[in-house]
Amino acid sequence: MAKKTPRIAVYKFASCDGCQLSILDLEDELLEVGQRFDIAYFMEVTKAVKKGPYDVGLVEGSITTPHDVELIKTIRKECKKLVTIGACATAGGIQALRNWASVEEFSKYVYAKPEYIQTLEKSSPISEYVQVDLELKGCPVNKYQLLEVLSALIAGRKPNLPTYSVCMECKMKGNVCVAVAKGIPCLGPVVQAGCGALCPSYARGCYGCFGPMESPNVKSIAKKFIELGMDKKDVILKFRGFTGWSKEFREVNGLIEG
Amino acid sequence: MKGKVKAVKVDYLARVEGEGSLYIKVKGSEVLDVKFKIFEAPRFFEAFLRGRKYHEVPDITARICGICPVAYQMSSVHALEDAFGVKVDGPLRELRRFFYCGEWIESHALHAFLLHAPDFLGYDDAIKMAKRYPDVVKKALTVKKIGNDIMARLGGREIHPVSVCVGGFYKVPTKRQMEAMKEDLKKGMDLSVELLKWVADLKFPDFEQEYEFVSLRHPNEYPFNEGRIVSNKGLDIAISEYEDNFVEEHVPYTNALHSYIKGRGSYMVGPLARINLNYDKLWDLTKDTLKSIGFKVPCNNPFKSIIARCAEITYSFEEALRIVDEYREPSAPMVDYEVKAGKGCGCTEAPRGSLYHRYEVAADGAILSAKIVPPTSQNQKRIEDDLRAMAPSVMKLPHDKAVWRFEQAIRNYDPCLSCATHFLRLEIERS
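Residue numbers (the working numbering), protein chains in the order written: chain L, 57 to 314; chain Z, -13 to 417.
Any given hint could be a false lead.
[Stated by the list, open to error] Just a sample of chain L residues kept apart from chain Z, beta carbon distances all over 12 angstroms, derived:
1) Pro62
2) Asp81
3) Glu184
4) Gln187
5) Ser207
6) Ala211
7) Thr219
8) Lys227
9) Ser271
10) Ile282
[To be verified] Here are the simulated DMTMM-like cross-link-like pairs (lysine to aspartate or glutamate), alpha carbons at most 20 angstroms apart as the crow flies:
11) L/Lys107 with Z/Asp111
12) Z/Lys39 with L/Asp290
13) Z/Lys326 with Z/Asp311
14) Z/Lys124 with L/Asp84
15) Z/Lys117 with L/Glu85
16) Z/Lys125 with Z/Glu180
17) L/Lys103 with Z/Asp110
No lab work stands behind these hints, which were simulated from the structure alone.
Given the structure is predicted, the values throughout are model-derived calculations rather than measurements.
Don't be surprised by glycine CBs; every beta carbon is placed ideally from N, CA and C.
Let the sequences and hints guide you as you build the complete structure.
Below is the structure:
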């Protein structure tokens, strides 16, 4: 890959566009990214479409329609490496809240004529349907991590991404712990770093944009929340957010009840 | 259908957010059918907001759109404050305006220069445009970056900021932190004037329509968060009267609901509507620059919305600088309030136009019902009307040029189809 300009394709499924936008938000680097990569398919940015195969496919969004299921399989075939970007693509996103409810009822609530709507019962991460080479977490992704992934792909090396928790970032920033000092429920101890401990830096608890870290102790933190005075229903809501459908967080119900 | 049907399929419309398609059918100069379809996969925000706690709402609704999260946060908190009977004033209100300046700058710069300007010059994208116009694209990126910087400094990050809450902010900047942005804001303002002059020299298709422009109007300021909902055709209502006057209709071919004014029909929201209705509230530099380029209101050419968009960038810099100059640190980052059962609504001016939210809240702060009307769904019917009006003449152009012109006309509205996948399928059928 090193000699040839890598061909990159960017795709989008159910999402807010925020992770693709992170590429455009690389204002200082954007024009260079345009030079270092052959942007062969990126509908948000360009009308020009070059046919696959592509070296790298970046996928934003979750799978929520029968059409998506077919499309992601095609995309997998045309991309040598498939990288999912963001909470929707890696964990089903906020729209995965339907996964605990009846999508039929949701459809009736939002639409006057639900019969016009085509949707799947569940919102699923990309990895549920095809093999994924790398998952970049975040809601949205951190644009500098995205740049790191792109740079690593050019260089043919492994990207340098943290697997430790938000707490580590908090400590590095010198923040006072919001949970210990103020009793604010914070998901920091079980959430993967990457945001720069944003919420605790803004005097609030982490709400889990980046999803579970490697081997999180979800049960322990859930118990702590209950000790801090949260009722069980609210503890469940706390995990059931933008990355709620990730494997570790979706099991919180059982952990609390058990 | 009898006779020779000539059906043309063109792949995807790029440089819009989300998935949609366009279908146009003509017979000679007669337009038989126009369908602008939004296929965005439904994400059911209004449904899953039920049962969530009120304080989660601004974080959740931000996720409707990565390009204008502040607008969703602002409409949310205003609606919830209305439900609780909270008034946010003084420096906190000013900070909300400041936040909106950041969002307008980044979103407008993104749309005007990275998504829309290439249309006027025949480029596939801004990266290719940058080879011929490096200065313009670099200036636009600098301006966009300063807009994003406002968002990041106030809210932690540019996409889905974390500082907004009911009653104000979790944390507010110090006077010194605000002052630190001044030099950049001045630089951005100067660049924005150059960019505004540059877009004024683009070639605009000769196309005018009789629009009903709708936006907020406030007695003392160019509208961001508050005001009455007004139009150039006599509409003048309180935000609480929105649902008595605007109707949403579900039509079979699109996942976004069509909005229209009761008994009247389609209307336009967004920068062109705002500037037509609030020109008198712009600051001097923006007004003077508009005068120097010969832009006058009312402007009924939708292709000139790029001028209105760029004028709002300059205005946002002027307003941001005013706020920095007058800023005094509030005594607390948020005002006190009591959570109670109630109903409330809010409307603010997203970059793409008016964004209406209404919530019903239970005594414990849980959301009982939610209604969200985004600007793109309000413009959807008006976009179709534009396409229908221009179809007879545009269809005479060679196919590629016709397609280009239709796409450009859609992009005049900066549609944010958000959600959903990536392509807009364009089919033109000539019979």
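Okay, the hints, checked on the actual structure:
Look at L/Pro62: its CB is around 15 angstroms from the nearest CB on chain Z, clear of 12 angstroms, so calling it non-interface holds up. Against chain Z, the non-interface label of L/Asp81 is violated: not every CB pair exceeds 12 angstroms, the least being about 6 angstroms. The Cβ of L/Glu184 sits about 15 angstroms from the closest Cβ of chain Z, beyond the 12 angstroms cut-off, so the non-interface label holds. The Cβ of L/Gln187 lies farther than 12 angstroms from every Cβ of chain Z, with a closest approach of about 20 angstroms, so its non-interface assignment holds.
At roughly 18 angstroms from the closest C-beta of chain Z, the C-beta of L/Ser207 stays outside 12 angstroms, upholding its exclusion from the interface. Residue placement check: L/Ala211 keeps its beta carbon more than 12 angstroms from all beta carbons of chain Z (closest about 22 angstroms). At roughly 21 angstroms, the least C-beta separation between L/Thr219 and chain Z is larger than 12 angstroms, which holds for a residue marked as non-interface. For L/Lys227, the condition that its CB be more than 12 angstroms from all CB atoms of chain Z holds, with the nearest at approximately 18 angstroms.
Every C-beta of chain Z lies more than 12 angstroms from that of L/Ser271, the closest at about 26 angstroms, which supports listing it as non-interface. The beta carbon of L/Ile282 is kept farther than 12 angstroms from every beta carbon of chain Z, the shortest such distance being approximately 17 angstroms. Distance restraint check for L/Lys107 and Z/Asp111: the Cα-Cα separation of roughly 17 angstroms lies within the 20 angstroms cut-off, and the hinted pair is therefore satisfied. Under the criterion of a C-alpha separation no larger than 20 angstroms, the hint pairing Z/Lys39 with L/Asp290 is consistent with the structure, at around 9 angstroms.
Distance restraint check for Z/Lys326 and Z/Asp311: the Cα-Cα separation of roughly 37 angstroms exceeds the 20 angstroms cut-off, and the hinted pair is therefore not satisfied. Under the criterion of a C-alpha separation no larger than 20 angstroms, the hint pairing Z/Lys124 with L/Asp84 is consistent with the structure, at around 9 angstroms. A hinted pair counts as satisfied when its Cα atoms are at most 20 angstroms apart, and Z/Lys117 with L/Glu85 qualifies at roughly 15 angstroms. For the proposed pair Z/Lys125 and Z/Glu180, the alpha carbon gap of about 9 angstroms is at most 20 angstroms, so the pair holds.
Between L/Lys103 and Z/Asp110 the alpha-carbon distance is near 5 angstroms, which keeps this suggested pair within the 20 angstroms criterion.
Hints 2, 13, counting from the list given before, are not met by this structure.
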